[in-house]
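**Student:** Residues per chain are reported as follows:
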Amino acid sequence: MAQEIIAPLAGKVLQLNIAVGDKVEEDDEALVIEAMKMETPIYVPCDGTIKQINVKEGDEIEEEDVLAIIGKE
Amino acid sequence: MRPYFEKMAEFGHELKKGQIKRTEENLNQLKEIEAEIQGEVNRVKTAGLPVEKINARGQMTVWQRLEYLVDPGTWCPLHTLYNPMNNEEGTTNVIDGIGKISGKWAVIIGFDNKVMAGAWLPGQSENILRVTDLAKRLNIPLVWLVNCSGAKLPEQEKFYANRRGAGTPFFRHAELEQLGIPVLAGIYGTNPAGGGYQGISPTILFAHKDCNIAVGGAGIVSGMSPKGDFNKETAEEIIAKAKEFKAKPPGSVKIHYDETGFFRYVFEDETEVLDGLKDYMKDAPAYNPIFYRVAEPAEPKFSVDDLYRLIPLEPKRVYDFDEVLARLTDSSEHMEFRPDYGPEVYTGLCKIDGFLVACIGNRQGYLGKGYPEYTDYPGMGGKLYRQGLIKMNEFVTLCGRDRIPIIWLQDTTGIDVGDEAEKAELLGLGQGLIYSIQQTDVPMMLLLLRKGTAAAHYLMGGPTANRHNAFTLGTIASEIYVMHGETAAVATYSRRLVKEKEAGRPLEPVIEKMNKLAHEYYENSRPLFCAQNGLIDEIVPMSDLRKYLTAFAGAAYQNPKSICPHHHLILPRIIRG
Chain A
63 MAQEIIAPLA GKVLQLNIAV GDKVEEDDEA LVIEAMKMET PIYVPCDGTI
113 KQINVKEGDE IEEEDVLAII GKE
Chain B
-13 MRPYFEKMAE FGHELKKGQI KRTEENLNQL KEIEAEIQGE VNRVKTAGLP
37 VEKINARGQM TVWQRLEYLV DPGTWCPLHT LYNPMNNEEG TTNVIDGIGK
87 ISGKWAVIIG FDNKVMAGAW LPGQSENILR VTDLAKRLNI PLVWLVNCSG
137 AKLPEQEKFY ANRRGAGTPF FRHAELEQLG IPVLAGIYGT NPAGGGYQGI
187 SPTILFAHKD CNIAVGGAGI VSGMSPKGDF NKETAEEIIA KAKEFKAKPP
237 GSVKIHYDET GFFRYVFEDE TEVLDGLKDY MKDAPAYNPI FYRVAEPAEP
287 KFSVDDLYRL IPLEPKRVYD FDEVLARLTD SSEHMEFRPD YGPEVYTGLC
337 KIDGFLVACI GNRQGYLGKG YPEYTDYPGM GGKLYRQGLI KMNEFVTLCG
387 RDRIPIIWLQ DTTGIDVGDE AEKAELLGLG QGLIYSIQQT DVPMMLLLLR
437 KGTAAAHYLM GGPTANRHNA FTLGTIASEI YVMHGETAAV ATYSRRLVKE
487 KEAGRPLEPV IEKMNKLAHE YYENSRPLFC AQNGLIDEIV PMSDLRKYLT
537 AFAGAAYQNP KSICPHHHLI LPRIIRG
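One line per chain: the protein sequences are A and B, in this order.
Heads up: take any position in the first sequence, counting from 1, add 62, and you land on the numbering used here.
At position 307 of the second sequence the residue is numbered 293 (the numbering used here), and the sequence of numbers has no breaks.
Excised from the complex, chain A in its bound form (with noise of 0.2 Å):
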């Protein structure tokens, strides 16, 4: 079962702290996204794997598009 990592706002990929296949924990920092001047944290939602990252550091996003999703345990 797999589980999105929305962008809940537009903004710059600033930081990006994980990769395809890395081991994460529900609340992990997944990546944080600059917007309006300040650093907004995207948290891993659930515990599992990451299977798939759309995005890279410097990219801009749109709210709502999908950055990365994860394979739960």
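Bear in mind the hints are in silico, worked out from the structure with no lab data behind them.
Incorrect hints may appear among the rest.
[Claimed, not checked] Label pairs and their calculated CB-CB ranges:
no., chain 1, residue 1, chain 2, residue 2, range
1, B, 6, A, 64, 23 to 33 Å
2, B, 530, A, 64, 17 to 27 Å
3, B, 487, A, 64, 30 to 40 Å
4, B, 7, A, 120, 50 to 60 Å
5, B, 141, A, 120, 55 to 65 Å
6, B, 551, A, 64, 57 to 67 Å
7, A, 120, B, 405, 24 to 34 Å
8, B, 356, A, 120, 24 to 34 Å
[To be verified] Derived lysine-lysine pairs resembling BS3-like cross-links, with alpha carbons at most 27 Å apart:
no., chain 1, residue 1, chain 2, residue 2
9, B, 17, B, 268
10, B, 7, A, 118
11, B, 122, A, 118
12, B, 499, B, 122
13, A, 99, B, 499
14, A, 99, B, 287
15, B, 122, B, 264
16, A, 85, A, 134
17, A, 134, B, 7
18, A, 85, B, 138
19, B, 409, B, 122
20, B, 3, B, 287
21, B, 302, A, 118
22, A, 113, B, 7
23, B, 229, B, -7
24, B, 7, A, 85
25, B, 2, A, 113
26, B, 31, B, 144
27, B, 229, B, 195
28, B, 7, A, 74
29, A, 85, B, 264
30, A, 134, A, 113
31, B, 409, A, 99
32, B, 122, B, 268
33, B, 355, A, 74
34, B, 229, A, 99
35, B, 31, B, 7
36, B, 144, B, 195
37, B, 227, B, 138
38, B, 302, A, 99
39, B, 17, B, 7
40, A, 134, B, 499
In this text, a Cβ means the ideal position worked out from N, Cα and C, and glycines have one as well.
Dock chain B against chain A, hints included.
**Tutor:** Same frame as chain A, now just chain B:
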């Protein structure tokens, strides 16, 4: 009103495992900087002569007097690092704070007798002004530990005269007395001239047997009748007189107890003076807390130490304000006012030590689609928009009506800007909030969690609210500036960059200046700078913040100037609907 306040809505959550893991570095950084600040505090505490030397003279230091006088665990120091004139002594030479004496809250201040026998120094009268203001705002007694050798004469031009100079504390004492606020003074040592007025201007004088207060001390009376210059003959006369007056200084207890009776009591031992103050404080005007408590006092459900993980040191990082507030309030409960309006601002009723307080704070992070409603760019917490400003205006006005003390928790990047924001009337609504504050008469305090920026710092209960702001606390993450340093550099040099570019000249010299300005902004907004210059009244370790809130609430309700019966409160009814 028991059903409203005994059990309010719970808020906040336990820290999650991942949160604890990823915030370890933040916690360590904050604690490390707090330790550095503690080093500065220790430097002030050890300024001047060593404790042993003072004790060898049969005297206690001001710190020892405070420790004996104040109820254990209640001392909340203020202005410890305040040194606005950058005195070489590293202090304004008064030590002050709020604490309980004999179970009653008081504002307490004493001269540091280790430093030049408690002399007046530059910046001291500004320090005392904050202290007398505090007693006035909270309507609680002011207790002095007078031990003041008078003006530091080589620097008198910096502080002796002027509208807010060294004479103003005496007028402020008179003002407090007119308001019915007693000023109690324990008096030690030699207190000539200014020190004499420090001694005489309080309401009741408790003297140590070796103290004196005088219009002019031994130094002055030894050298009266100036002849234009000095020579060997006048020097010999001065020596003879100085010896005489040192042995028998003017204004001793023989004069001011036996003759004038200015000293109400004279005590043999230093501690007996403090016991006298304690005895009088037992009878100071103070309601039993049960008069005004709305519930039994209770600790927050979550540890205040979580704040080290919840408040990011990095100023651009967003966080959950409600989680912070839940670490400070009784039982982590609240009644939020208009949660569906103005999402960038939290307004709500909370309990501190069983007393009802109003809390106003900046929520952080993305505010959701469609907000602010007057434009198409996204709204971020920390910034103020139309709805948030309207909500604060309403809430403050209702708090004034209900006589509820207000705690502001500020972390703001300013008010929204641009023509859309102007059309949304933010300029008028901001000043409207200042008007709303001004027309209330409730004590307020400000806790600057992180950023105090631009006019939003003034609006949200800043120290500029002179008549209301009791004190402003900072944390180790606090910073105050008119705008971020990088923004200031752009505002200052953007046109210059364009000119240089169009003229074909190199941009590097301008870029260098921009970086320099940004760096200066950073340096001049640090917590230590803010504390030394009075932008905040104390840097408080995060683990002690609730203690200060408790002191504020307890003091505000100790002897309130005006009350609203609980069953007449309108705000909780508006919230419940």
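**Student:** Report the numbers of all earlier hints that the structure fails to satisfy, in ascending order.
**Tutor:** 2, 3, 4, 9, 11, 12, 14, 18, 19, 23, 29, 34, 35, 36, 40
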